[in-house]
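Engineer: Given next are the chains, with one letter for each unit.
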Amino acid sequence: KAGVTQTPRYLIKTRGQQVTLSCSPISGHRSVSWYQQTPGQGLQFLFEYFSETQRNKGNFPGRFSGRQFSNSRSEMNVSTLELGDSALYLCASSLAGASEKLFFGSGTQLSVL
Amino acid sequence: DQQVKQNSPSLSVQEGRISILNCDYTNSMFDYFLWYKKYPAEGPTFLISISSIKDKNEDGRFTVFLNKSAKHLSLHIVPSQPGDSAVYFCAASGNRGSTLGRLYFGRGTQLTVWP
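From first to last, the protein sequence lines are chains E and V. Using our numbering, the first residue of the first sequence is number 7, and each one after it goes up by one. Using our numbering, the first residue of the second sequence is number 1367, and each one after it goes up by one.
One chain only, chain V, in its complex shape (with noise of 0.2 Å):
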């Protein structure tokens, strides 16, 4: 059962517009999100994070914006450019420090930036 989705496979976006993939959980138990991007060849490297006691996380061109209520989350990324091109994992976890806690992982969507 998954229980991290990301329902759009792909997203195309022109370069210097504002690229947005969204994420939704089914687990209400957890309380720590990631986004991590992939690109060919290569493992994923961790973008940005939130925790649940806060809606918003800021890093440079990337913002994830987190809705519990909705059990949804999505990461911003403002301007695009053509080197953002890649996979992009959102990851969620509950029972952190728990010898039990891992990482769930959406399939992922494809982001292309054209110029």
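Bound conformation, chain E alone (with noise of 0.2 Å):
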């Protein structure tokens, strides 16, 4: 059974500009959950889709947003890039939900320059 598959693995961009990372969940599961991993911050949680619908949203702005299709793959998108904005961002996926066992997918890693 394949993994979650995160594309691109790396990206770089410029202040001001917007970019999207995509996410392939395992086969199956219906819940998608995006994170943030900054050095020294942990995980933190952006939100979660489940049969294409957000269900719960973290403390970002509304420049972050997201997206899920009917085949469980999700997008996720951030305009009007800042320099903070670099991360690592992790998809995860999960049969029944955010609050039960996570797989990861092996993250973007955006720099924002």
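No wet-lab data here; the hints were simulated from the structure. Hints may contain errors.
[To be verified] Chain E side only, calculated, beta carbon under 10 Å to chain V, not exhaustive: (1) G48; (2) G68; (3) E106.
Quick caveat, the model's predicted, so the values are computed rather than measured. Built from N, CA and C at the ideal position, the CB exists for glycine as well.
Hints are included, so try docking the two chains, each in its own frame, into the full complex.
Structural biologist: In structure tokens:
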């Protein structure tokens, strides 16, 4: 069974640009969560999608948004990039929901210059 | 507000010895706890979990202990191996089954196991 796949692995953008990250969950998993990891800050919850609906959202500004498609694949978008958005963005999927055991992808490392 | 805390950013242990990683939480509604291991340039991988109805769970070299009254859990690795060198994240959740449930993560502890 294939794991969680995130693309691209690395991205370099400049301030003010926007970016879209992609995530394909494990087959059969309907819940997709997104996390931001920065050095020393652990994993900060962005949002969770289940059956194409956002069910839960963390404390991030509206520049961070996402969506989920009917095949459970998910995208995350960050608009008007800031230097502080440089981070590893992790996608995780699960069968039942965001409070259960999550299976993570390898992440997308975003650098904002 | 950090609801899951890992107060030791790093831990260094000799190969063959026991590694003990600690985690504290503040929310008494948490009833499910997990440990993840993360290597550089990879996503976290699940290690072991424990439900609040238990106080201990074992899986091979890994044992998690839960002290609900102290709101504290620990991960024991015995014996430690150089391949265990990684960042370990503690996570917790409440409201399992609720649409508002989510995992709360600590900031991680870097474990280094030296020969």
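Engineer: All hints are to be evaluated individually against the structure, with a verdict given for each.
Structural biologist: So, going through the hints one by one against the coordinates:
no., hint, verdict
1, G48, "4 Å, holds"
2, G68, "19 Å, violated"
3, E106, "7 Å, holds"
The earlier numbered hint that this structure contradicts is number 2, and it is the only one.
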